[in-house]
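Q: Single-letter residue listing:
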Amino acid sequence: MANLLTISGSPHIHGDQSIRKIMWGVVIALIPALLVSFWYFGIGAFIVTMMAVLSCVVTEFIVQKFILKEEPTISDGSAVITGLLLAMNVPGNLPWWMVVIGSIISIGVAKMSFGGLGKNPFNPALIGRVFLLISFPVAMTSWPLPFQNRWVFTDAITGPTALGVIKEGLGKGDSLDNLMTRIPSYAEMLIGNMGGSLGEVSALAILLGGLYMIIRRIITWHIPVSYILTVFIFAGILYLIDPSKFIDPVFHLLAGGLMLGAIFMATDMVTSPMSKTGMVVFGFGCGILTMLIRVWGAYPEGVSFAILIMNAFVPLINKGFKPAKFGEEVKHG
Amino acid sequence: MLLKTFTLGGVHPEENKISSGQPIRKAPIPKTAVVPIAQHIGAPAEIIIAKGDKVKTGQLIARGQSFISANVHAPVSGTVTKIDEFMDSSGYRKRAIQIETEGDEWIGTIDRDEKIDATIKRSREEIIQLIKESGIVGMGGATFPTHIKMMVPQGKKADCLIINGVECEPYLTSDHRLMVERGEELMIGARILMTALGVEKAYIGIENNKPDAIDHLTNLSKRFPGITIHPLKVKYPQGGEKQLIKAIINREVPSGKLPIETGCIVQNVGTAIAVYEAVQKNKPLFERVVTVTGKSVRNPCNLLVRIGTPISVLLEEAGGIPTDTRKVINGGPMMGKALNSLDVPVIKGMSGVVVMPEKEARRPKISNCIRCARCTFVCPMGLSPYLIAQMAEARLEERAEAERIMDCIECGSCSFTCPSGRPLLDNIRVAKSKVGQIIRSRAK
Amino acid sequence: MNSAIIFVVATLSILGLVSAVILYFIARKFKVIEDPRIDQIAEILPAANCGGCGFAGCRNFAESIVKNESLDNMFCPVGGNELLKLIAPIIGQEAVEKDPMIAVLRCNGSFAHAPLKTTYEGIDSCFFMNALHAGDNGCPYGCLGGGDCVIACTFDAMYMDKETGLPVIIQDKCVACGACVKACPRNILELRPKGKKDRRIFVGCVNREKGAVAKKNCEVACIGCGKCVKECKFEAISMVNNLAYIHAEKCTLCRKCVAVCPTDAIHELNFPERKKQVVETENKEA
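Sequences listed follow chains A, B and C, in order. Just so you know, the first sequence maps onto residues 1 to 333 in the working numbering. Just so you know, the second sequence maps onto residues 1 to 444 in the working numbering. Just so you know, the third sequence maps onto residues 1 to 286 in the working numbering.
Bound-form chain A, shown alone (with noise of 0.2 Å):
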């Protein structure tokens, strides 16, 4: 026998999990997303994809090298990540240097300064987007519309999203009815022939992606099924108060970055609950918020908002809502 022998406490095996496996494994499942906006917005989207993947990668890189100085993690994929759903939230025409402030707000101040990986108490990737949207709400709100300008970076043809539509219609007085002839049909809404952030345009991708990572058992059904649900029985009931003044819950579902929110930011693990009920209780606090915003508030859409106000409360949910123990019924010792 060559080797002395190790001792170490059981378990002696180890599953085949890993770090590496899941986060790859959430890239592998935005691919469908990124194509469909490649393919819609051509070269902008691609520009600020790569732009966002490679300036946050850069960021992990020189805060672990230089500032926290310890070995680099970059490997890993978790920042490849953050760039690639950063860049998901934003206009395919945003000029490159908002995605690189965006990026380094999201790694650097969203991510490593909690302490790097699983330290965060925010999605990162949403720290950025809305960083963006307080400091330049004209460039984050000026959608490219499809197969306009497909191989232009600048000076796109833009316009408003679905959302937003409606949202400015019916502040001005406009029928819905009359609005509904200016969005696009729900068909078109889901394959994503819309205008929006790169993310925000084919539901069918985003669920394709979310059902591989289902199967995959990268994520639990429980954020998404409870979120997209809550959503859709909040906004019906609002459709069957008032079917005049309120749109109905298909395209709520449809609209907006509530797939991609519900799907791919709401389920990052570490900003997420620990149990499943609380994941479904966060679920559902993510879908009521993204109503109020969306229909009530001052913004159009109100998915990172909810999103990031819930990551707030996740420490709490974890407190509330323990996974079911084995032998609850009688108090211990």
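Hint data in this document are derived by calculation from the structure and do not stem from the laboratory. Quantities reported herein were computed from a predicted structural model and do not represent experimental measurements. It is possible that some hints are incorrect.
Label pairs and their calculated CB-CB ranges [as the list claims (entries may be wrong)]:
(1) C/Asn60 - B/Arg399: 15 to 25 Å
(2) C/Ala131 - B/Asn250: 30 to 40 Å
(3) A/Asp174 - B/Leu396: 50 to 60 Å
(4) C/Thr154 - B/Thr79: 29 to 39 Å
(5) A/Phe66 - C/Ala20: 51 to 61 Å
(6) A/Ala139 - B/Met406: 54 to 64 Å
(7) A/Ile67 - C/Arg255: 29 to 39 Å
(8) B/Gln154 - C/Met160: 45 to 55 Å
(9) B/Val152 - A/Ile309: 54 to 64 Å
Idealized CB from N, CA, C, for every residue including glycine.
Starting from the structure of chain A, add chains B and C where the hints point.
A: Below, chains B and C alone, put in the same frame as chain A:
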């Protein structure tokens, strides 16, 4: 109504039951046997022989003293050459009796007739007394003295017996082979245990990755009324007492209580067969079946081994120690204990010896917790391992106690599944024993 | 506009007044009358909250002194005798001098002296290693090298020496709070009197196994041969379970035992170097 498996948590480690097709064969009797006097939970037995004494196989050499203790018998015949401290599977040198083998002469009271004796002549008290005399302990690895488990405390009532044939640990196949090859003795053993408990119902829980054992025992069970064979879905840690009760009769052992609260007594397959031998054949526990296996082991096998045989002899029997050996485990890879020497003797609770090569033995690199919650999903006790481990690292024992750390069955599912490779169970164990100390000091 | 300002100022002032009155009465009602001496004592304590005095923190120590009005068995190892002298007049007692103590490591089973027989993989916790096995060098009494004592030390007076795998006590920093002694699952660390001129002699081994067994694992183990007991004229050395122990109160620091020990298990600290003899000291700072 009956569940196919337990509900909370659980993992699916690679089964690797490479030795499941190997019939049990007898290992050679060792030249010298080293018999530890503490092979069970509880007080070590008291040595009743002296250096130089001649002993016969099956002779009582150390008597269980206090309430929780068990007898120890000579596994070989020969001369006692030393009573000293020897390295055993605890990782420490403990008191043991060394016997130099001369021939193999058994004590006269053992019935060595191969014929199976199915008629139960003994009364309840006699059976428990015989179990005690024979030094039988839980053979699944827990090594709790069986006669104490069989004495139902006052005010409690047992209504069924569960025989644990789950063998949910990867690699191990000794119970599987016992069920296939010695099914009838197992059934009689179960009947004896039922008589001793005064119960009418018994279940034998077997995971459905052992179809031959399920078929064989189901056929046999027609002749043994009251015994039901219960196939179960494969999931680790189904062999845990609490999980098995939940899976078979859907009752939950309350936190901090013993399984008898649910009216169940769980016994391992090996224990049931040892009970058969003790009661029907008057044969004390001095040999057991050990699986010797591992991916790089040349001939993985199931061996009938005398207690006290050094592990190195077993490895020799399985085709030698592989050159890339990095870890040798007493028991299965999920809950077993890494051995620090190959001279360690086989003890009553050793169900397998798993040899791990360099590659498999390596622990994954530790990185930050990504709060993926997988540990809470797989915990069969519904605990939050990430939280308890965090508290353990921060030395917050009181808070860990409030999180029910004492409910942890140390199955290792959390560490197994953690994508960050965090040593959750290591940390939980440290805090658990510290909390145990706190609870004991409080009781004083 | 003006009326609004007046209104705001008025409401805020009334609110402030009412709150002040309420707070005043609550403060009066729930006032905790505390002996001022507690504060006086707590003020001069080191505020390290190390627990070396046996209390949870410095304030608990001060409370206990005032409550019992005595200094019996009360000793702050950090502040030492000087501090006690300051505390004594506050409660009108005499300070009894105590010998200053220091922690010593009674194991020398470094990688060189006790070669590894197994390798441990897992968390750095002596407590856990102790539960798993005898130790990588096979000695069931020796240092496991997990560094529980280093973590327990709140004064940065210890560190792990990577070369030897043993902890090192920085003598200038050790205040003898005893945290490391409690943390060690094998009771290897001991608080001993500092000794005259900071010189100490002690047995650097706690192995109670038979000599041959102990020697097999570690070449500097105490083998219980008893030579030191015979050599000592002051009956300062006792031999229990194959292990010699030097009683500091009887030891005259003559160093004769050190010379006769066949395994160099007896350590001397801070002595001037002997002529022509290689003195092996356990501590690098020595």
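Q: All hints are to be evaluated individually against the structure, with a verdict given for each.
A: To see whether the hints hold, each was checked on the structure:
no., hint, result
1, C/Asn60 - B/Arg399: 15 to 25 Å, "holds (21 Å)"
2, C/Ala131 - B/Asn250: 30 to 40 Å, "holds (35 Å)"
3, A/Asp174 - B/Leu396: 50 to 60 Å, "holds (59 Å)"
4, C/Thr154 - B/Thr79: 29 to 39 Å, "violated (57 Å)"
5, A/Phe66 - C/Ala20: 51 to 61 Å, "holds (53 Å)"
6, A/Ala139 - B/Met406: 54 to 64 Å, "holds (57 Å)"
7, A/Ile67 - C/Arg255: 29 to 39 Å, "violated (53 Å)"
8, B/Gln154 - C/Met160: 45 to 55 Å, "holds (53 Å)"
9, B/Val152 - A/Ile309: 54 to 64 Å, "holds (56 Å)"
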